[in-house]
Amino acid sequence: MCRWAAYRGDPLYLEELVSSPAHSLIEQSHCATRAKTATNGDGFGIAWYGDRPEPGRYRDILPAWSDCNLKSLARQIRSSLFLAHVRAATGGGTRRDNCHPFTHENWSFMHNGQIGGFERLRRAMEAMLDDELFNVRSGTTDSELMFLLALQFGLRQAPLVAMAEMVSFVEGLAENILGRAHLRFTAAFSDGRSLYGIRYATDRRAPTLYASPMRQGHCLVSEPLNDDIDAWTEIPDGSAVTIGENGIEVAAFKPEKCSGVVADIAISA
Numbered sequence: 205m206c207r208w209a210a211y212r213g214d215p216l217y218l219e220e221l222v223s224s225p226a227h228s229l230i231e232q233s234h235c236a237t238r239a240k241t242a243t244n245g246d247g248f249g250i251a252w253y254g255d256r257p258e259p260g261r262y263r264d265i266l267p268a269w270s271d272c273n274l275k276s277l278a279r280q281i282r283s284s285l286f287l288a289h290v291r292a293a294t295g296g297g298t299r300r301d302n303c304h305p306f307t308h309e310n311w312s313f314m315h316n317g318q319i320g321g322f323e324r325l326r327r328a329m330e331a332m333l334d335d336e337l338f339n340v341r342s343g344t345t346d347s348e349l350m351f352l353l354a355l356q357f358g359l360r361q362a363p364l365v366a367m368a369e370m371v372s373f374v375e376g377l378a379e380n381i382l383g384r385a386h387l388r389f390t391a392a393f394s395d396g397r398s399l400y401g402i403r404y405a406t407d408r409r410a411p412t413l414y415a416s417p418m419r420q421g422h423c424l425v426s427e428p429l430n431d432d433i434d435a436w437t438e439i440p441d442g443s444a445v446t447i448g449e450n451g452i453e454v455a456a457f458k459p460e461k462c463s464g465v466v467a468d469i470a471i472s473a
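First residue of the sequence shown? That's 205 in the numbering used here, and the numbers climb one at a time after it.
Honestly, the hints are just simulated from the structure, not real lab data. Check each hint, because a few of them may be wrong.
[As the list claims (entries may be wrong)] With a cut-off of at most 25 Å between alpha-carbon atoms, the simulated SDA-like pairs for lysine to any residue come out as follows:
(1) Lys275 / Asp432
(2) Lys275 / Pro417
(3) Lys275 / Arg263
(4) Lys458 / Thr412
(5) Lys275 / Asp264
(6) Lys458 / Pro440
(7) Lys275 / Asp301
(8) Lys275 / Arg256
(9) Lys458 / Asp264
(10) Lys458 / Met332
(11) Lys458 / Glu427
(12) Lys458 / Asp432
(13) Lys275 / Arg384
(14) Lys275 / Glu231
Work out the full structure, taking the sequences as your base and the hints as a guide.
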């Protein structure tokens with residue numbers, strides 16, 4: 205399983221999530237504590253928003269702990285919204301275009317989890333894409349394909365609804381082809397304005413997700429960046445998170461639909 209961290213709020217340097225904390229994302233790349241695998245050395249990536257609508261991005265296949273450029277970039281890049289990811293591959297080769305985050309236009313996306321039996325579902329999933337989105341696909345992972353399917357289902361217009369429809373489609377396809385659906389999906393994505401997160405699994409064992417205030421903003425992470433337990437709130441399985449101008453909101457997430465806000469999570473700064 206992979207590890208990731210994302211932030212939205214007043215601008216801060218990427219190093220405040222990626223390299224500086226005691227349990228930073230780089231530290232998690234070789235010593236994760238809340239994942240099935242402690243090492244996440246199959247590449248890494250960062251995507252950040254600046255003055256242009258589309259995000260900047262840097263990805264490589266080196267382990268995050270061994271790439272000197274990553275620490276240098278994280279120390280220099282300051283952003284109000286960014287995503288960072290370290291990969292432990294469950295499918296797809298170790299190559300740059302399989303590293304997260306994935307981007308298209310102003311959207312960015314990263315994921316922790318997997319689709320059971322993906323290779324048997326892949327062709328039918330790809331067939332749902334129109335020519336434009338099919339030609340965008342450059343890697344071989346289920347993560348990138350789920351991102352493109354969400355775009356196909358209307359991510360630009362209704363992000364959480366589109367993700368719910370994408371998950372529902374994948375589950376239905378798996379049930380028809382494999383006889384059962386097995387999906388674990390903890391993801392973060394953004395349009396450059398809001399940051400969204402989802403934690404969901406068909407077996408109720410979704411990869412972990414935590415939220416915390418940070419400076420004048422909030423971050424979402426796979427596991428806490430420090431040992432201050434009280435600073436981190438675990439996002440429940442079956443939840444969707446939105447971080448925007450009005451703070452952070454948590455809603456129930458279901459494949460058939462995504463309900464309205466059910467709680468203002470009590471982690472405001």
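- Hinted pair Lys458 and Asp264, Cα distance within 25 Å: violated (34 Å)
- Taking 25 Å as the top limit, are the C-alpha atoms of Lys275 and Arg263 close enough? Roughly 13 Å between the alpha carbons, so the hint for Lys275 and Arg263 holds.
- Regarding the pair Lys458 and Asp432, is the alpha-carbon distance no greater than 25 Å? violated (31 Å)
- Query: If you draw a straight line from the CA of Lys275 to the CA of Asp264, is it 25 Å or shorter?
  - Reply: Judged against 25 Å, a Cα distance of about 13 Å means the pair holds.
- Take the C-alpha atoms of Lys458 and Met332, compute the straight-line distance between them, and say whether it is at most 25 Å. Measuring from Cα to Cα gives roughly 21 Å; hence the hint holds.
- Item | Holds or violated: Lys458 to Glu427, with C-alpha atoms at most 25 Å apart | Holds. Lys458 to Glu427 sits at ~23 Å (cutoff 25 Å).
- Message: With the threshold set at 25 Å, check whether the alpha-carbon distance from Lys275 to Arg384 stays at or below it.
- Response: violated (43 Å)
- Task: Below or equal to 25 Å on CA atoms is what counts here, so check Lys458 against Thr412.
- Result: holds (17 Å)
- Message: Given the hinted pair Lys275 and Pro417, is their Cα-Cα distance within 25 Å?
- Response: Cα-Cα ~23 Å, so holds.
- Query: Holds or violated: are the alpha carbons of Lys458 and Pro440 at most 25 Å from each other?
  - Reply: holds (13 Å)
- Item | Hint consistency between Lys275 and Glu231 [alpha-carbon to alpha-carbon, up to 25 Å] | Given pair Lys275, Glu231 holds - Cα atoms ~12 Å apart, limit 25 Å.
- Would you check the hint for Lys275 and Asp432, treating anything up to 25 Å between C-alpha atoms as holding? Since the Cα atoms of Lys275 and Asp432 sit roughly 24 Å apart, the hinted pair holds (cutoff 25 Å).
In the structure shown, a violation is registered for the earlier hints numbered 9, 12 and 13, in ascending order.
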